[in-house]
Amino acid sequence: MKGSDLLQFSLDNLRRTRLRTFLTTLGVIIGIGALVAMVSFGTGMQRNITEAFTANDLFTTIRVLPVRMDIEQVMAGNLDGAMSGMQKRTRALNDTAIALIAAMPEVAVVFPEITFPVKIRFGGQETSTTLRSVPVAMGGYTPYDRMGWGGFFSSDSAAEVILSYGLLSRLKLTLDGEDEQARTDSSRVWRRVKADSLIGAEVEVITSVLDLGRMMSGGLAAAGQPSFTEHVTRLRVAGIRPRPHAFSNEQVQGGIVVPLLTGKRMPRFAFNNMWSLLSRGGRPTGSYEALYVRLNHLQDLPAIRKRLQELNFSVFALADQLEEIKRGFLMVDTALGAVGTIALVVAALGIINTMVMSILERTREIGVMKAVGASERQIRTIFFFEAGCIGLMGGMLGVLLGWLVSRLANWIANLWTLRQGGGVGGDIEFFYLPPWLIGGAILFAVGVSLAAGYYPATRAARVNPVEALRHD
Amino acid sequence: MSALVEAIDLHKHYQKGKAEVAALRGVSFAVEAGEFISLVGRSGSGKSTLLNIIGGLDTPSSGELRVGGRNLAAMDRELLARHRRTTVGMIFQSFNLIPSRTALENVALPMIFAGMERPVRSRRAAELLDLVGLDQRHTHKPAELSGGEAQRVAIARALANDPAILLADEPTGNLDSHTAAGILELLARLNQERALTILMVTHDQPSAERLSDRLLHMLDGGIIGEERGGRRA
Ligand SMILES: Nc1ncnc2c1ncn2[C@@H]1O[C@H](COP(=O)(O)OP(=O)(O)OP(=O)(O)O)[C@@H](O)[C@H]1O
Ligand SMILES: [Mg+2]
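Protein chains in written order, with our numbering: chain A, 1 to 472; chain B, 1 to 233.
Watch out, some of these pointers could steer you wrong.
Mimicking EDC-like on lysine to aspartate or glutamate, the simulated pairs with C-alpha atoms at most 20 Å apart in a straight line are [unchecked claim]:
{"no.": "1", "chain 1": "B", "residue 1": "Lys141", "chain 2": "A", "residue 2": "Asp12"}
{"no.": "2", "chain 1": "B", "residue 1": "Lys16", "chain 2": "A", "residue 2": "Glu467"}
{"no.": "3", "chain 1": "B", "residue 1": "Lys141", "chain 2": "A", "residue 2": "Glu361"}
Computed footprint of chain B on chain A; a stretch qualifies when at least three of its residues, placed anywhere within it, have a C-beta under 8 Å from a C-beta of chain B [claimed, not checked]:
{"no.": "4", "segment": "368-381"}
{"no.": "5", "segment": "460-470"}
Please keep in mind that the hints were generated in silico from the structure rather than gathered at the bench. Virtual Cβ for every residue (Gly too), placed ideally from N, Cα, C.
Full structure from sequences and hints, please.
Structure, rendered in C-alpha cells:
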C-alpha cells in the first residue's frame, strides 16, 4: 500500500465533486475563522495587559503598608472591617523599616511612597497632575531605565523632573513627528516643539501649603475655610518618558517624577486619598504612607511576601492581581473559544453529511476497489485522507479568514478608540495571532475533520462488495 | 498434485428477515490448475454465490474451501482482501469499471492496492490492454467504450496482479452473440497460452461445451452433475 497513491484517490474524489467539496470546506473555514478571530482577540487582550504590567515592571514590585488591611473587605465596601483591621497596626514605615527591608538580599530597591498632587506651569500652560518621588537607584529598573528623551536624575536631591508623555498633551505640546492625530483636534491650541528643546527647560511645580496663620487671622472672609499658600519649586527637565503602552494605567504612567529627596523636601499638605487621610491621623512623624519594594527576581516574591508579613507589614503585590486578571481572561478565552468550537462542530456535521453522501454515491466504486483487492484499511485511509484534506484546507484558509477579520476589526476598533481616547490610541493591537494559535487551529481543524470522517470512513470500509456489485 | 481449488461440503445461508435462504447446500468439487470450468444451471441455483465465495468477496457459512492450499474459511477480512488482490481475478456481467478513470487507470487499479510503483503499473497496464486487443483504447473512459471493449478492459484488470484463477460471472451476459464469441475466444486463448485457470458462470451452454474442460451443473445450491467439455477432445 502506498500512501501517496491513496492520497491521489482522495484528491481525485474531492476534485470530482468540486462544488460540494468547496461548500463543505467553507463550513470549516468559517468555523476556524471564528475560532481564530475570537481566540486571537482573547490572546491579544491578555498580552496587552501582561505587557502593560511588564512594561512597568509591576510584577517585581511590592507595596508595603503599615497595617494589615483586609483588601477584600475594602473591595466589598466593608469599611468597618477594614477599620478594625487598622487597629492592629504594629510597625511604623519609617527609615528603620526601610533599612530593615533594604538589608534583605533579594530586595533591589526600597523607597518610601511620596506622592502628592501638584500643579505644573510650563510654557504658559498650567495643569494639575501627580508628583511621585523616586530614588536614583531606580534608574536601572523599568520603567525608568528607558527614557523617551533625555535621561534620568543625576542625584536624589537634584532639582530635576521627568515628565510623562501624557502630560505633554495636557500642556498642549506636541512633539515633532509624534502623534499627528492630536494636532487635528481643532479645539486645542497645540504648540509644536522639538523634544530635545524641552530637555533642560524649567518647569514650575506648585504645591499648596495650609496656611494656619492666615486661617487664624483671616477674619470673617476666611473663617471656617482652610487657607492655602502656593509654593513654587523650579525644576529642570531631565527627561521625558516614552510614549506609553496603550493599556497602561494613567496612575503609573502619567504625572511627573522627581528625585526622592527633592520630593520629600517639597512643602506640601495634601491628602492623596481617603486612605491617606485616615491613616495620617495617628501616623507617627517620620513614617511614610507606604513603601515600594523592588525585587531582583520574580521568584523571590512569595518568600519576601511571607517574611514581610511575619514582620507585621501588610503586603500588596500586583503580581497577585495579574493572576486574578489572567484567570478572568482564561474564562473569556474559553467562552470565545467555545463559540468558535460550536461553529466548527456545525462544520464537522457538514463533513459527515458530505462524506456519507459521497459514500452512498460511490458504493459501487468502493465495491470494485474491494473486489480488486483493496483492504478495509486502504479504503478507510482514502476517506480519512479526504476528510483530512478538507480539514487542512479549511484550517489554513480559516486561519487566513480569522486573520483578515481580526485586521478589519482592529482597524475599526482603532478608529473608534482614536475618536474616544484623545492623546493615545490609533495603533493598538487588540488581536494577537501567535504561531501556536495558527498551528493549533490548523491541527484542530484537521483533528475535527478526521473525527468527523471516522464514521463515514468506517462505513466505506465495511461496504459489502457483493451487494455493491450486484448488477443494476 | 493437489487441486488448485478444492471445496468440501460448502454451505451458504442468507438471513432474509426471519426466513433463512440456503444458497449453497453442500457443494463439493475440485479444480486442477490450468482447467477451464463452466458453471451452468438455472437462475438462483447458487452459481454467483459459489463464485463470490471462491473470489473471497463472500464467506461460506460452513464447509471448507482451499484455494492454492490456503483455507479461505479461516481467513480474516485482511487476508481475504489479500486473496482477492493476489490469487484471483474477477470479471462480471456488468463490467464494473470505474467511470471516471481511463481504461489504463482501471487496469492499473489492482496494482495500486498491491503497492506497485506508478511507472511499473502503467507499463504493465498498457501491456495487458495490448494483450486483450485494446492497443488503441488506453486513454478512453468506460463510457467511450463498447460493451465488448469494456469487458476486455475488465479482463485486463483481472489479470493485473497475475492471479492463478480467473473467476468470470456471466462475462457475456450483456453482449450480443458476435461480441460474446470474441470474449469467449479471448478467455480460451488466455487459458491456452497462459495456462490460466478459469471458472466461468454462463447460460451459454453450447459455448461452454465447446470451450471448457468440464461443465458443472448446479441446481438449488448443489452440484448435480458433471459433463466433459470439448476443449481437449
Ligand atoms: N444477499 C443475499 N441475501 C439473500 N439471499 C440471497 C443473497 N444472495 C443470493 N441470495 C439467494 O441465493 C440464491 C442463489 O443466488 P445466486 O445469485 O447465487 O444465483 P445464480 O445462480 O447466480 O443466479 P443467476 O443465474 O440469476 O445469476 C438465490 O435464491 C438468491 O435469492
Ligand atoms: Mg448469478
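These are the hints, each one checked on the structure:
no.	hint	verdict
1	Lys141(B) / Asp12(A)	15 Å, holds
2	Lys16(B) / Glu467(A)	14 Å, holds
3	Lys141(B) / Glu361(A)	19 Å, holds
4	368-381	holds (count 11)
5	460-470	holds (count 3)
Violated hints for the displayed structure: none, as all numbered hints are satisfied.
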